[in-house]
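Construct all of the structure, not just a fragment, from the sequences and the given hints.
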Amino acid sequence: MKLKILVSCVAVATALNVNAAQNYADFPVTVKDYKGDADHSVSYTGQSARHVLLTSLKKLAGKGEGKDDQALQAKLLAYYAGKDAGREVISPVSKGGFVVAQSQVDEISTKKNLAGKTYKGAVAGWPGSMTGAEVLNFMVVKAASADKGFDPLTGYDYAQLIHKFAMGAVFYNQVVDNYLDEKLDADNKPNNKPYKEGQPYTGKEHVWDEAFGYFGAPANTLNLTAEQVYNIAKQKESAFTLADLNNDGEVSLYNEMAYAHAYYAAATDKGGKTNYLHTIMQAFVDGRQLISDANGEALTDKQRTELKAYAETIADNWEKVIAEAVFKYAGSTYKDLQKLDKLIQSNGDVNKAFRQYAKHWSELKGFALALQTGKDNLGETAVKLNRLIGFSPVLLGNTQVLGIDAEGNYVQSSSISMKEYMLHMLNVQKLMVDEFGVEARSNDVMADLGGLAEKLGSGASVEND
Amino acid sequence: MFESLVISYVQDLWIALTDPRKRVFWGYLLISLLIAICWIKWVSPDRGVRVKTHLFNRKVWWSASARADYAIFLLNRLAFLFIAPVLLTQLVVAQWLFESLYQWIGHRPILGESWSDMQVMICFTLFYFLLDDFFRFYLHKLLHEVPWLWAFHKVHHSARTLTPITVFRAHPVEGVLFSLRTALVQGIAMGVFVFFFGGRVDLVTVLGASIFAFMFNVTGSNLRHSHIALRYGKALEKWLISPAQHQIHHSTNPIHFDKNYGVVLALWDRLFGSLVISQPGQDIEFGLRREVTYREQNLLYIYMQPFIESFNIFLSKVRKREKSIAKN
Ligand SMILES: [Zn+2]
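Protein sequences, first through last, are from chains X and L.
At position 211 of the first sequence (counting the first as 1) the number is 210 in numbering that gives the first Met the number 0, and the numbers step up by one without a gap.
At position 123 of the second sequence (counting the first as 1) the number is 122 in numbering that gives the first Met the number 0, and the numbers step up by one without a gap.
These are computed hints drawn from the structure, not numbers from a lab.
Idealized CB from N, CA, C, for every residue including glycine.
The reader is advised that the hints may include incorrect statements.
[Unchecked claim] Listing some non-contacts, in silico: residues in chain L with all C-beta distances to chain X over 10 angstroms:
(1) Leu16
(2) Ile36
(3) Arg57
(4) Val59
(5) Ile109
(6) Ser113
(7) Val166
(8) Leu206
(9) Leu270
(10) Gly280
(11) Tyr293
(12) Glu295
(13) Asn297
(14) Ile324
[Said to hold, decoys possible] From chain X, some residues computed to sit far from chain L (all C-beta separations above 10 angstroms):
(15) Tyr33
(16) Asp36
(17) Ser90
(18) Val98
(19) Gly124
(20) Gly127
(21) Phe137
(22) Pro189
(23) Thr299
(24) Gln337
(25) Asn346
(26) Leu377
(27) Ala381
(28) Glu406
(29) Ala452
[To be verified] Cross-link-like lysine-lysine pairs, in silico, DSBU-like; alpha carbons within 30 angstroms at most:
(30) Lys21/L / Lys272/X
(31) Lys374/X / Lys82/X
(32) Lys62/X / Lys82/X
(33) Lys21/L / Lys233/L
(34) Lys454/X / Lys21/L
(35) Lys454/X / Lys140/L
Written out as structure tokens, the structure reads:
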């Protein structure tokens, strides 16, 4: 106890002594013979535009009215696969005192879409043997005719499914399977050449920036707490001045907003047990500094080894962030099942509880699918995870979606009981602990054990009676 | 590295004396002292003795045996800084049991929904106390009856004078067994109760200690290892083990061997036929046997001899088996 206080005193003292931590901004132009007028080399506008496309898509996916709606479907597809000008930012928009700078996606970056960057591998956890891009397209089309994103017949919440899956299938996959993988090779986007002729950044600088952009963290994250980053994503007015890095009275959706897995890392870390957000952010900043320090020369093997170590830190912690979310939503789904069971036994109204169950299950499913879009095939772990969760939540009649027929309709069949399904949720949590070593463990089904263990105290002592 | 080791060692010693969950918490020692004074002044048959010389006798507190206790206490604590992290914890047991119950039953029936939180807490606290007290009794019985275990438990019984610190006089191997026992007991209690009762399970505590442990300790638990033969009287000693009864357990008189294994409840000894009630004016010699043997308080001997003895037991068993195989 005293030791802990001492340690935190030292930590506070060091924090006060050092200058503000580095922002992911203002790294100098190192391209040799650069003729333009750019005064720094950081750029990830395309990634920020895709973040905004996804948050907008999520919002739109919740707008269906439970009937065929071609206009909505077209609009949804415009945000998912289109590249045309004129798409407005649907979310995040200004909220109270939290003023957002851009109202058009094109103000951040033009001609961007999600579909072109979506995981091309097969998705084993979703019926129909489709690629990642096809699954998202399928979900988007289904969302158009759902009731506020919800399909009561299957228990799908498409807004959640699309949002959580795409975060993995687009952002996470692009980073760990592309930018921080083959693009760190010596002959791929070398550092002694501009990324493209005339641009103020080198190949490696831009590759690293694009990877960072997909993480979704504000540029000044190292000067913010996890809680503050969380509040920025939630657009709390109290966080506005923290977010407005350049003090122009608006929060730029380019580099002052928190999105996607950076937001989930912050949400996980604010519980105090983990430090994913800052670990990942620090690795991005340090890696970018290393590239900058190479001063426009090709990276040596030693430098690339170091850079790959940063990349590995990023990939490992990012994967854990997703695994923590799987853990958390398996726990919420468990609680929803408990609640439903009680309501059924007491003949209560299950509609509201079922809607909540569908939402949490869809978040769980989205994150579980996202987890499988990383660089490495998860093998047996993926098989287990997909079997435990199934293609849909177990429905009130103890049925589950088994597949999709030729017309794209879901096929259901009788399955396990909801009570047995609860055990699956427990086992999902166990799988996340065993395979990914998750530590935050929100909504732990066995959470009560931890506190009790502490109360009982350790038995490790040599006391005879 | 070394510095942090020293810090955690000192902290560990400090906790032993200041945590009300520990037997030698200063408050319990103080209460035991007060009880001892009252006992000697007003109840005990040898009322004539001077309280001060009887309680603070150098022959007790600074005997070769007591000095060995102190050294063993300090050495074991140090050893456990390294041993404790690799031992099985109650959380691992509890999680395993929770999951296994789920697999066996196939679902999770939630019980006691009409009970108040307090009722659930009382049930858990009582269950944990009974389970713990029984496991302590039973492991103690095994320590006496299984030859190679006895080789290690003899360390505790080689004490010639008893002081509250004698509670720590144990071989580290025994310490490992005690730790496993606690992990098992706590793990079982937690796993079962949280599985069936969910988040309402909690321990009824006083000063952070389980109420039963607290009651046991404020009623003079530290006098068990002392020469104050505090008796409860025949009626109560059938239910609760008094300090005098535990002192019988440490007796050199063969008629007292393998008796009174219990900690709090006398019930277990009664069930297994090992209970002995204390007699007024009992005068007991402590130790393994009457004759004092050379080296019996030597630390190297205390730590190494059990290994030699248990190894010999193992060897003789192997030989016996070889013989019987040869015969057939
Ligand atoms: Zn004994």
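**OP:** Taking the shortest Cβ-to-Cβ distance between Leu377/X and chain L, state whether it exceeds 10 angstroms.
**Re:** holds, 22 angstroms
Subject >> Status of the stated non-contact between Gly124/X and chain L (beta carbon gap over 10 angstroms) >> reply: holds, 23 angstroms
**OP:** Taking the shortest Cβ-to-Cβ distance between Asn297/L and chain X, state whether it exceeds 10 angstroms.
**Re:** Holds, because the least Cβ-Cβ distance between Asn297/L and chain X comes to about 19 angstroms, which exceeds 10 angstroms.
Subject >> Assertion that Ala381/X lies outside the chain L interface [Cβ separation over 10 angstroms] >> reply: Holds, because the least Cβ-Cβ distance between Ala381/X and chain L comes to about 21 angstroms, which exceeds 10 angstroms.
Original post:
Once the closest CB in chain X is found, is it more than 10 angstroms from Ile36/L?
Top reply: At roughly 24 angstroms from the nearest Cβ of chain X, Ile36/L sits farther out than 10 angstroms, so the non-interface label holds.
**OP:** Compare the distance between the alpha carbons of Lys454/X and Lys140/L with 30 angstroms, and conclude whether the hinted pair is satisfied.
**Re:** Holds, because 28 angstroms separates the two Cα atoms, which is no more than 30 angstroms.
Original post:
Is the Cα-Cα distance between Lys21/L and Lys233/L 30 angstroms or less?
Top reply: Distance ~29 angstroms between Lys21/L and Lys233/L Cα, so the pair holds.
Subject >> Given as non-interface: Ala452/X, partner chain L, CB spacing beyond 10 angstroms >> reply: The claim is violated: Ala452/X sits with its nearest Cβ about 5 angstroms from chain L, within 10 angstroms.
**OP:** Decide, holds or violated, for the assertion that all CB atoms of chain X are farther than 10 angstroms from the CB of Ile109/L.
**Re:** With a cut-off of 10 angstroms, Ile109/L comes too close to chain X, as the shortest Cβ separation is near 8 angstroms.
Subject >> Whether Pro189/X stays farther than 10 angstroms from all C-beta atoms of chain L, as the label says >> reply: About 44 angstroms separates Pro189/X from the closest Cβ of chain L, which puts it past 10 angstroms; holds.
Original post:
Within a Cα-Cα threshold of 30 angstroms, do Lys62/X and Lys82/X meet the stated pairing?
Top reply: holds, 21 angstroms
Original post:
Going by Cβ atoms, does Ser90/X stay more than 10 angstroms from chain L at every point?
Top reply: holds, 35 angstroms
The structure shown violates the earlier hints numbered 5, 7, 24 and 29.
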